[in-house]
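Trainee: The listed protein sequences derive, respectively, from chains A and B.
Per our numbering, the very first residue in the first sequence carries number 1; after that it's consecutive.
Per our numbering, the very first residue in the second sequence carries number 1; after that it's consecutive.
Don't read these hints as lab results, they were simulated from the structure.
Idealized CB from N, CA, C, for every residue including glycine.
Please note that the accuracy of each hint is not assured.
Claimed, not checked - DSS-like, lysine-lysine: derived pairs with alpha carbons at most 30 Å apart: (1) K392/A <-> K75/B; (2) K66/B <-> K119/A; (3) K100/B <-> K381/A; (4) K206/A <-> K111/B; (5) K402/A <-> K384/A; (6) K191/A <-> K119/A; (7) K221/B <-> K111/B; (8) K66/B <-> K100/B; (9) K384/A <-> K542/B; (10) K392/A <-> K18/A; (11) K250/A <-> K347/A; (12) K221/B <-> K203/A; (13) K462/B <-> K381/A.
Unchecked claim - Sample of chain B residues lacking proximity to chain A, with all beta carbon distances greater than 10 Å (derived): (14) I426; (15) Q431; (16) G465; (17) E495.
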Amino acid sequence: MSANLTARERLEPFRPGKDGPWDYAAAAHLARRQAFGAPRELVEKILELGPRAAPGALLEELDETPEMEAVADSQRRIGSTEAVQTWWTHRMLRGNCPARDKLALFWHDHFATSDTKVKDARLMMDQVQLFIRQGAGHFHALLQSIARDPAILIWLDGNSNRKGKPNENFARELMELFSLGVGNYTEEDIKEAARAFTGWHVKDRKFWFNKRAHDTGSKTIFGTTGNFDGTDVLLACLEKQACGEFIAEKLFNYYVGTPVDGELRKALGELYHANLHSLSPLVGQMLSSREFYSAPARRAILSSPADFAIGTLRNLGATAGAAHLPEEMSRMGMDLLRPPSVKGWQKGKSWLNSNTLLSRYRFASMLGGADENSFRVPWGKLRKEGPNRLFKLFFPGGLDEKIRKVILEEAGGDLKLMVTAIVELPEHQYI
Amino acid sequence: MHPHSTRRSMALAFISFFIIQGILKSEELQECARLADWTPASVIGYAEAKMTGPRLRSFLSSARLKRLLDSSLGKAYRQGEDYSKLIDNLDNIEQATGQKPLELFDGLLGKEFLLASRLSFTAGQEALLLTRIKNPAAIARGRKAFAAAMEAATGSPFETRKLDHEGQAIEQAGNIWFAEMGEILALANSKKILEEAIDLAYGRTEKSAGASPPFSHLSDKKDYLIRASLRPTFIPVLAGQFGRKLDNPALSFLLSGISGALRDCKLMSASLDTSWSGISLGLTLHSDDSGIAEKYDPFFPRTTPGEFHSNLQKRGLLGSIRLSRNIHGWWENSAAFLDAQAAGSLAQASAALSMFFGGLNFQDEVLSQLGKTISLIFKNPPKARNGSSPSPLIPGGALIVELNDAKKFGRPFIVAFNSLVSIINITRMQQDSNAPSMLVRPEKVGEVDCYKVDLGLPGNAKAPGIEYNFSPSLAVTRNKVILGSTFDIVKLLVEESEKIRPAGKTSVQAYARDRLYIDGRALNSILGNNLNFLAAQQVIDKGIGLDEAKNELSVIRTALSYIRDLEFESFREEEAIHMKLGIGLITGNTIVEPSN
């Protein structure tokens, strides 16, 4: 279908019945992409809301539950990287708004900041909470906030950026990775932007505008000269057409996963601006588009370790074990709060190599083999529901009958063995 | 009559008189002052109990038990699986026997009983049960109950085979032999051991456990509910384990002495006693004639008893551990207690620790100056004045090491402390150039110089984290080095230490006691202070709701509210080692549930 449509048509809303059925499989497809996994209750909620309303509804901000508040407080008080990782994986697993955490994970990769250099897990927690709070709001506000985030300033050597000795790290990443992308700025723009950001420092773990270190001289950025400061540079980046296209394309790749050509890129940029830089409606339109529900988009994205591990547990109805997840995910190639570089994680096929694949198999074996059930999977309930329900849980769109038969025969009625086999399937590695 | 034949007749009559006396005597049942007197000396060990029946009746009918069962803890217990199983089992016994279990128990075992065991080459493990029956009717009820149970189990009438052993009737039912001898009922799984008990009962032999030298070490005191004694060397599997070299220096420091005492132990006895005010469990190791080997002397040093620890307890501790060792002696002779690799690791540690002590030889110049007692003290922190305590709230802890002459040899410890802080600072700076440095600030407590580490944390934090629990500090008093996690605890210890006058040269020394103490109320208090934190951890680990997590913790706190304290002591008395565990209970007239 997608091949015959224009870019704009591909981004138009999905029409149930005309563009395809609106059924359990379609709703599960949205659940997997926008949240983690496709647990039954979430899929049924999406089914009821419908393809247009569901994405926005899932992104609605909800009040924190007492459990989440208590967990956040206790892990912040411990203050170690492991504690903050546990907090976040617990949110992803048990939170009442997993779509927000999925989007926050996107921003964590986009504005990649690593605790290996920041060495302050509480600042990292503040940053993640910023992504959760503002990640679905206006990109302008988000960028302004992140530019003043202490963790990112430490990561990008903000305190070294002083009048007369500008440090270009932040300015470069702002243009190359955070807002415009390669080819939409010059080296001169970066140098001048670095001068504008002088004095944007961190003091006592808070943002501090150090007037003494700030270069108040005239700067020329994107062909315009003026006495610019950091805020002016941010606004200048946000106003460029390239910014909308850059951000929208990244979000499209994250959520939809089909190839983006020049025409689609332009259309995405227009969509971004049409939504007045508001991210929730932008994401909502992507996730309710004909492109999203097209066949090429189904099971098109190789799951990240977060999608794989947490999605699997949510499918099974697991309720505990967040403390084990960061280590498991790290083995699979995603060390939360410690992306490998300013460019974030290498996604897509890079998630799978011989080591990380073995780690996924190990996770599958651990899930199905452990007597102690540290993830608190409701095995009794799953046994009552039977193997057919289990297959539908993981493959609502259906699974090759031969594969299904082999799994049933090999497992011999042992549900845990079935789960291990299902989780190891190549089909399950894609969302 | 010929004089020769008269003498012969008189001799015959004389001999006959004694033979008849002997025969008459051997037919009389001896008095059984102690059941051990009717237990063969060849047993490996035995357990005995007195007055369990009346004590159990008293316990079950007490008002305190009723209050306990009506409390939230009791209700939680009564809803649990264990309670249901207990009730089911008691019902099953009643159904099978036709009698109430308590009546059966009290009648047959409640007054006094002894259970002995030995290993036999031919018969395997032999067991003998001697019980002093409450009254003759109890035996009849017991027989009736047993018969009913066997008939219910087998479906056929219960019959016994009647036998005899030198005039004493014995009955056999399957693999059980039993005999009634006055108020004593004897049961055994081996005819041989029963016959030996019968011989003892009739005075035909005097080789009883009660009279045998190994069991003579047992105390005559009746301060127990149940007592057991065992000769460990008769159990091949156990005998080879004791006195072995260990592969862990810390374990050796703690346990090699006990292990050695077990190796040389000819009798091990344990006793248990319970009351509403507490539970006490005691274990004694009686060594053989050669005594405890001299090489274990470093584990049982003699010291002058003092009031330091008892005074500390009055200041409200959470807990304390006190270990008395001749540390230098142990370290020097470590090859006798540790395998080669572990002994080698001590040598390596000695070299590394010398660096911290300004180049002094750790083994010969530092350890030799240490006294014989090491203590660990834990105390709950005071509540923050501005209401924002750190979370989690961690009790302060301190290590106290005694020094022979702190004025002369305290300085190396101060040097070591400062060195350690410097090394940590350098390491942190290398990892993060912006990391705040820890500063060592001198403080005075009375006349004693203390050194407090300032971690450089911002003051007045709204939500102080775990790091706010710590202000590591060091103090060197007249005869102690005190290293604490907080300045408050070091200050308290310095104050108490300075109150103690040095022991005079004529002070009597005694074998030192190792001790572990935990205050139940302090433990409950710290749990209460950390309730929200702990509940959050439960939410993560178990995936339960916050309220459910808090309820689970509240049940634990309710259980703890009944515990006043826990105390464990281990000490040497001549050639015996005693270990005592006591749990003090609070089960007053009113049971107060803990509030949060």
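Trainee: Check each numbered hint against the structure and report the violated ones by number, ascending.
Mentor: 1, 2, 3, 4, 12, 13, 15 and 16
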